[in-house]
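Enquirer: Residues per chain, in single letters:
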Amino acid sequence: MSILVNADTTFIVQGITGREAVNLTRECLDYGVGAKIVGGVTPGRRGREVHGVPVFDTVTQAVEHHGRPIDGSVVTVPPAFTKDAVFEAIENGIRLIVIVTERIPRRDVAQMVELANLRGARIIGPNCLGIIVPDVIKMGGIGGPARDAEKAYRPGPVGVISRSGGMTTEMSSTLSAAGLGQSTAVSIGGDAIIGSSYAELMPLFEADEQTRGIVIYTEPGGRMEAELARWVTEHDSRLPIVAFMAGRFMDEMPGMSFGHAGTIVEGKEDTATEKIARLQEAGIAVAEEISQIPDLMRERIGVGAAA
Amino acid sequence: LLAAPPTGLLHAVRLFEYEAREVVRRAGIPVTDFGFATTAAEARSIAERIGGPVVIKSQVLTGGRMKAGGVRFADTPEQAERDAAEVLELEINGHAPRGVLVDPRAQVQREFYAGVVWDGLRKQPVLLFSDMGGIDIEQVAEEHPDHVGRRHISTVLPLSDFAAKECIASIGVTGRQLTRLVPILTRLVAMFAEHDLTLAEVNPLGELADGSFVALDAHVDMENEARPRQASLLKDLGVGEEETRQAREATPFELAGEEVDATDHRGVAGNITEFDGDLGLVIGAGGGSLTLFDAVRAHGGRPANYCEIGGNPSVRKAAGLAKLVLEKPGVDKIAVMMSIVSNTRVDIVARGVVKACLELGYDPAEKIGIFRIPGAWEGEGFKILERYGVPYADRSVSMHEAAKRAVEATRA
Numbered sequence: 001m002s003i004l005v006n007a008d009t010t011f012i013v014q015g016i017t018g019r020e021a022v023n024l025t026r027e028c029l030d031y032g033v034g035a036k037i038v039g040g041v042t043p044g045r046r047g048r049e050v051h052g053v054p055v056f057d058t059v060t061q062a063v064e065h066h067g068r069p070i071d072g073s074v075v076t077v078p079p080a081f082t083k084d085a086v087f088e089a090i091e092n093g094i095r096l097i098v099i100v101t102e103r104i105p106r107r108d109v110a111q112m113v114e115l116a117n118l119r120g121a122r123i124i125g126p127n128c129l130g131i132i133v134p135d136v137i138k139m140g141g142i143g144g145p146a147r148d149a150e151k152a153y154r155p156g157p158v159g160v161i162s163r164s165g166g167m168t169t170e171m172s173s174t175l176s177a178a179g180l181g182q183s184t185a186v187s188i189g190g191d192a193i194i195g196s197s198y199a200e201l202m203p204l205f206e207a208d209e210q211t212r213g214i215v216i217y218t219e220p221g222g223r224m225e226a227e228l229a230r231w232v233t234e235h236d237s238r239l240p241i242v243a244f245m246a247g248r249f250m251d252e253m254p255g256m257s258f259g260h261a262g263t264i265v266e267g268k269e270d271t272a273t274e275k276i277a278r279l280q281e282a283g284i285a286v287a288e289e290i291s292q293i294p295d296l297m298r299e300r301i302g303v304g305a306a307a
Numbered sequence: 308l309l310a311a312p313p314t315g316l317l318h319a320v321r322l323f324e325y326e327a328r329e330v331v332r333r334a335g336i337p338v339t340d341f342g343f344a345t346t347a348a349e350a351r352s353i354a355e356r357i358g359g360p361v362v363i364k365s366q367v368l369t370g371g372r373m374k375a376g377g378v379r380f381a382d383t384p385e386q387a388e389r390d391a392a393e394v395l396e397l398e399i400n401g402h403a404p405r406g407v408l409v410d411p412r413a414q415v416q417r418e419f420y421a422g423v424v425w426d427g428l429r430k431q432p433v434l435l436f437s438d439m440g441g442i443d444i445e446q447v448a449e450e451h452p453d454h455v456g457r458r459h460i461s462t463v464l465p466l467s468d469f470a471a472k473e474c475i476a477s478i479g480v481t482g483r484q485l486t487r488l489v490p491i492l493t494r495l496v497a498m499f500a501e502h503d504l505t506l507a508e509v510n511p512l513g514e515l516a517d518g519s520f521v522a523l524d525a526h527v528d529m530e531n532e533a534r535p536r537q538a539s540l541l542k543d544l545g546v547g548e549e550e551t552r553q554a555r556e557a558t559p560f561e562l563a564g565e566e567v568d569a570t571d572h573r574g575v576a577g578n579i580t581e582f583d584g585d586l587g588l589v590i591g592a593g594g595g596s597l598t599l600f601d602a603v604r605a606h607g608g609r610p611a612n613y614c615e616i617g618g619n620p621s622v623r624k625a626a627g628l629a630k631l632v633l634e635k636p637g638v639d640k641i642a643v644m645m646s647i648v649s650n651t652r653v654d655i656v657a658r659g660v661v662k663a664c665l666e667l668g669y670d671p672a673e674k675i676g677i678f679r680i681p682g683a684w685e686g687e688g689f690k691i692l693e694r695y696g697v698p699y700a701d702r703s704v705s706m707h708e709a710a711k712r713a714v715e716a717t718r719a
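Chains as they are written, first to last, in the numbering used here: chain C, 1 to 307; chain W, 308 to 719.
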């Protein structure tokens, strides 16, 4: 199957009348079986349409128009308004929120995530390209226009989790070219605080029968890789993981360290070297180059692994 | 050794100690009667006002002030003036001081530590408290973990005193110390939230003979992304909009890069960072740039710069960036490489980099070592490159292979 979304997932686009959101809506409608975008929200624009999708002033109006709860929302509004938009989505019963917006202050992100946790909702992002289930649905700008996304993503056994939106596509394309398709690829965003980390998505992939291995893209900074390493060790995961670490050069640069107080919270686990060591200790293979990923994965899930 | 990291990869706006103390004071936390001086004469008059022994502290955004001689103890205004004159001339780790802070020497009974930082995994701020102040909290945490209290703070519930109380009490501090410390730590948490800080630290937090507390030093970092909504505080502190407040100042090359990025609002050609190599890089996007920079170095290449293009920049902007890199002294060739693009158009970047070569009087086929950007509008892009004989590659050539070809082209 897939994680997070499937062919039946309904969602809205908040900020739908913005230039990028209009493109994103087109791309999602065109891709796979066609995303069920049941509405868009831009305050003051009720009554318009974007590629046939009705636009509302509020999320409540969109839910009323749909007549049933809506599963998700893609939020693409300016940083200063993102927190309000996400709160609105959560308080209207939406349970999956993909935040595309970049440069949101960390405090706002923390507040959105904390409210989501209180309400049982999940956030992907911010500063991410969203989720794609090859040939089925994409929720967000991931992979770009439908024909470009079709070129890079193929259905198959590999789950992809990436802190970089662009590298999600690069890695998936490399896997596809080698005959290893993807169950679901998730661009989780590269900010210091994000809604869903690797370890937080692992239980979903673990429960997905189609998924037989995981590929992650990672960078220096933060403790999410250490958290993943711990999760893998503690849960005796059935899923082999292949990681690629970019930004190794940053280890050699002065001035990258956290303050002392930051270090005691964030630990000394945030450099590329430390992260690679942690991942390897947990049995996670770390590829030197993207092109090595398919072979490393194939060795771990068996030859002829096409779904 | 490489230069400092790409400025865009750092987040915090660092405040000088005298600014940090002002933020702390405004938050309602008692501070000493300190003054800030940019001349020795000013330092003297502050010392006269204080009327006792003072400490002169260099105001630089770097560590190791004490070791470098940037902190002096003066008993008289005359000595304060002499010390200030020396400290004002003293560069520390290559940083010239902004001024000096003149601080009364408080009679402290005991030193505590209070700080707030983000916990990225818990996705909440964490309040840190120790009864062993005055030294690095990192060292205390390692050697005396039972002397460091930690308490996560909700970002959606209203701030309440009990969190600070729990944090302080967790390491056994009680009595009058506890009740007097609670409001101070609560104010520190409020300050951290109100001003979008990534670090708020008072160390040492001194207990005076009368049982009151006073901040003897403060460290405050503010999140870059929050600058717009913290504009009024930054203006009050005198932090100019042009001040990046990063580990090092931008070089003229990097400033020129910022100008290129500001030519129009279409897309990004940013995070331009100077290195001392000979291979010019026009690379993107975020993760792609990190990957490609590593790949160039892995193949023995010496990058002349780091940058990130993305979000579909205009032809003019792509050309501006390529020109800037081509004109950098020591650069022989440029490599134009990205991970597969879906938003940025291949043809627009191709047009931009070819235009840059032509306008500088170069043959694009000579100057562009490799063009590897697969994705949106690649057919149109590759046609342009073919017309000018520029070596290019599609997605069947990996990013590392492209980087290798770029390095080989430089050596040829």
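Calculated from the structure, these hints are not laboratory results.
Heads up, a few of these hints could be off.
[To be verified] Label pairs and their in silico Cβ distance ranges:
hint: 1; chain 1: W; residue 1: P452; chain 2: C; residue 2: E150; range: 38 to 44 angstroms
hint: 2; chain 1: C; residue 1: E288; chain 2: W; residue 2: P490; range: 49 to 55 angstroms
hint: 3; chain 1: C; residue 1: P203; chain 2: W; residue 2: E549; range: 42 to 48 angstroms
hint: 4; chain 1: C; residue 1: D8; chain 2: W; residue 2: D443; range: 23 to 29 angstroms
hint: 5; chain 1: W; residue 1: D670; chain 2: C; residue 2: P203; range: 54 to 60 angstroms
hint: 6; chain 1: W; residue 1: S703; chain 2: C; residue 2: N23; range: 23 to 29 angstroms
hint: 7; chain 1: C; residue 1: P203; chain 2: W; residue 2: T486; range: 42 to 48 angstroms
hint: 8; chain 1: W; residue 1: T486; chain 2: C; residue 2: M1; range: 55 to 61 angstroms
hint: 9; chain 1: W; residue 1: R573; chain 2: C; residue 2: E209; range: 56 to 62 angstroms
hint: 10; chain 1: C; residue 1: G120; chain 2: W; residue 2: E715; range: 38 to 44 angstroms
hint: 11; chain 1: W; residue 1: E715; chain 2: C; residue 2: A277; range: 30 to 36 angstroms
hint: 12; chain 1: W; residue 1: G401; chain 2: C; residue 2: P69; range: 46 to 52 angstroms
hint: 13; chain 1: W; residue 1: T383; chain 2: C; residue 2: E281; range: 55 to 61 angstroms
hint: 14; chain 1: C; residue 1: A277; chain 2: W; residue 2: G358; range: 55 to 61 angstroms
Bear in mind the structure is a predicted one, so any value in this text is a computation, not a measurement.
Beta carbons: idealized from backbone N, C-alpha and C, even for Gly.
Enquirer: Taking the hints in turn, state whether each one holds.
Expert: To see whether the hints hold, each was checked on the structure:
{"no.": "1", "hint": "P452/W - E150/C: 38 to 44 angstroms", "in the structure": "violated (54 angstroms)"}
{"no.": "2", "hint": "E288/C - P490/W: 49 to 55 angstroms", "in the structure": "holds (54 angstroms)"}
{"no.": "3", "hint": "P203/C - E549/W: 42 to 48 angstroms", "in the structure": "holds (47 angstroms)"}
{"no.": "4", "hint": "D8/C - D443/W: 23 to 29 angstroms", "in the structure": "violated (55 angstroms)"}
{"no.": "5", "hint": "D670/W - P203/C: 54 to 60 angstroms", "in the structure": "holds (56 angstroms)"}
{"no.": "6", "hint": "S703/W - N23/C: 23 to 29 angstroms", "in the structure": "holds (27 angstroms)"}
{"no.": "7", "hint": "P203/C - T486/W: 42 to 48 angstroms", "in the structure": "holds (44 angstroms)"}
{"no.": "8", "hint": "T486/W - M1/C: 55 to 61 angstroms", "in the structure": "holds (57 angstroms)"}
{"no.": "9", "hint": "R573/W - E209/C: 56 to 62 angstroms", "in the structure": "violated (44 angstroms)"}
{"no.": "10", "hint": "G120/C - E715/W: 38 to 44 angstroms", "in the structure": "violated (54 angstroms)"}
{"no.": "11", "hint": "E715/W - A277/C: 30 to 36 angstroms", "in the structure": "holds (32 angstroms)"}
{"no.": "12", "hint": "G401/W - P69/C: 46 to 52 angstroms", "in the structure": "violated (59 angstroms)"}
{"no.": "13", "hint": "T383/W - E281/C: 55 to 61 angstroms", "in the structure": "holds (59 angstroms)"}
{"no.": "14", "hint": "A277/C - G358/W: 55 to 61 angstroms", "in the structure": "holds (56 angstroms)"}
The structure fails hints 1, 4, 9, 10 and 12 (numbered hints given earlier, in ascending order).
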